[in-house]
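Once you've looked at the hints, dock chain B against the given chain A.
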Amino acid sequence: MTGPKIIFFILAFSTILFSLLSVFDRRILRAAIYLLFVLVAIAGLFYMMNFQFLAAVQLMLYAGGIVVLIIFSILLTSQINSKLDAPKLMQILAASITALFGIGISLYTILPYVFTPSPATAVEVNMRNIGLQLLGTGEQGYVLPFEVISILLLAALVGIIFIAKRSRT
Amino acid sequence: MNLQAEIPLHYMIVLSTLLFFIGLVGVLIRRNLITMLMGIELMLNAVNINFVAFNHYLYPHRLEGHFFALIVMAIAAAEAAIAIALIINIYRKFSTVNVDDVDELKY
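First to last, the protein sequences are chains A and B.
FYI, the working numbering numbers position 4 of the first sequence as 4, with every residue one higher than the one before it.
FYI, the working numbering numbers position 92 of the second sequence as 1092, with every residue one higher than the one before it.
With the rest of the complex left out, here is chain A:
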C-alpha cells in the first residue's frame, strides 16, 4: 500500500459509506449533512486526479451552494426533528433488486474491458489552459457550451422568480 492508494481507499470508502447513510438515514437534516461529506470526498478525488480547478468548483458550488439550498428547503418544509416514513418492504425490495441488477450488468460489461490510453503527451491542467480553452473558438475551444450555459442560467433565474412568487389569487 502506497500513499496515493491509501488516500484513494479512504476517499472511496467514505464516499460509499456516507452516501449509504445519506440514502438510508430517516432524519432528513442528517441526510443532507451526509450528502455534504460525500461531495467533499469527491472533491478530494478530483484533487487526486490533478483537476484542482474542478475540485474548487465542486467545493464552492456543491458543498457551498446546493447543500445550503437543500438545508434551507428542509428547514422551510419540515420540522427539524421529524423523521421520514420508513419505506415499504416492497419498495426496498424492488429498489435493491433494480440496483443490484444494474450494478451487475454494468460491472459485467466494464470490468473485462481493456482500456487503451491515448499515447499523446498530457496537457497541463492549469488556469491558463482552462481559461484559453473555455473561451476559445478554435480546435479545442468550448465557447459555445459556455454561452449556452449562460443562457440556461438566465432562463433558470427567470423561471425561479416566476415559479416562487406568490400568485395573486
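Among the hints, a few may not be true.
[As the list claims (entries may be wrong)] Taking CB as the label site, the calculated pair distances span: (1) A86(A) / E1064(B): 41 to 51 Å; (2) V1102(B) / R30(A): 17 to 27 Å; (3) G138(A) / I1088(B): 41 to 51 Å.
Please keep in mind that the hints were generated in silico from the structure rather than gathered at the bench.
Just so we're clear, the structure is a prediction, and the values are computed from it rather than from any experiment.
All residues carry an ideal CB built from backbone N, CA and C; glycine is no exception.
For chain B alone, kept in the frame of chain A given last:
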C-alpha cells in the same frame, strides 16, 4: 504523481457505479421530494467522477471530460434551484412534500 500505476481506472469506475446505484435507490425508496433530489445529486456526482476519470486516464492531451463535468455542475445547480422553488410552491399549496399526497393538478 503517476496515478495510473497506483490506481487502475477500473477502481474509479467501480466507485462511480456503486455511487450511481446508491443514488438510484435513494430516488426509488423515498417519497419525500427533497430526499429524492439528494439522490439525483448523488447520481450526477457519480457521472462526474466517470467523466473526470476517463479524461485523466485515457485522454490526458485534451480537457473534454473536465469541461463536461463543469457543465454538468452548472446544470445541477440550476436544476437544484428550480426543484427547490417548485418544492416550496408545492409545500404552500399542499402543506406537504410527500409525492404520494401531491395528487392533483391545478383544477
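Tested hints:
1. A86(A) / E1064(B): 41 to 51 Å: holds, 43 Å
2. V1102(B) / R30(A): 17 to 27 Å: holds, 24 Å
3. G138(A) / I1088(B): 41 to 51 Å: holds, 44 Å
In this structure, every one of the numbered hints holds.
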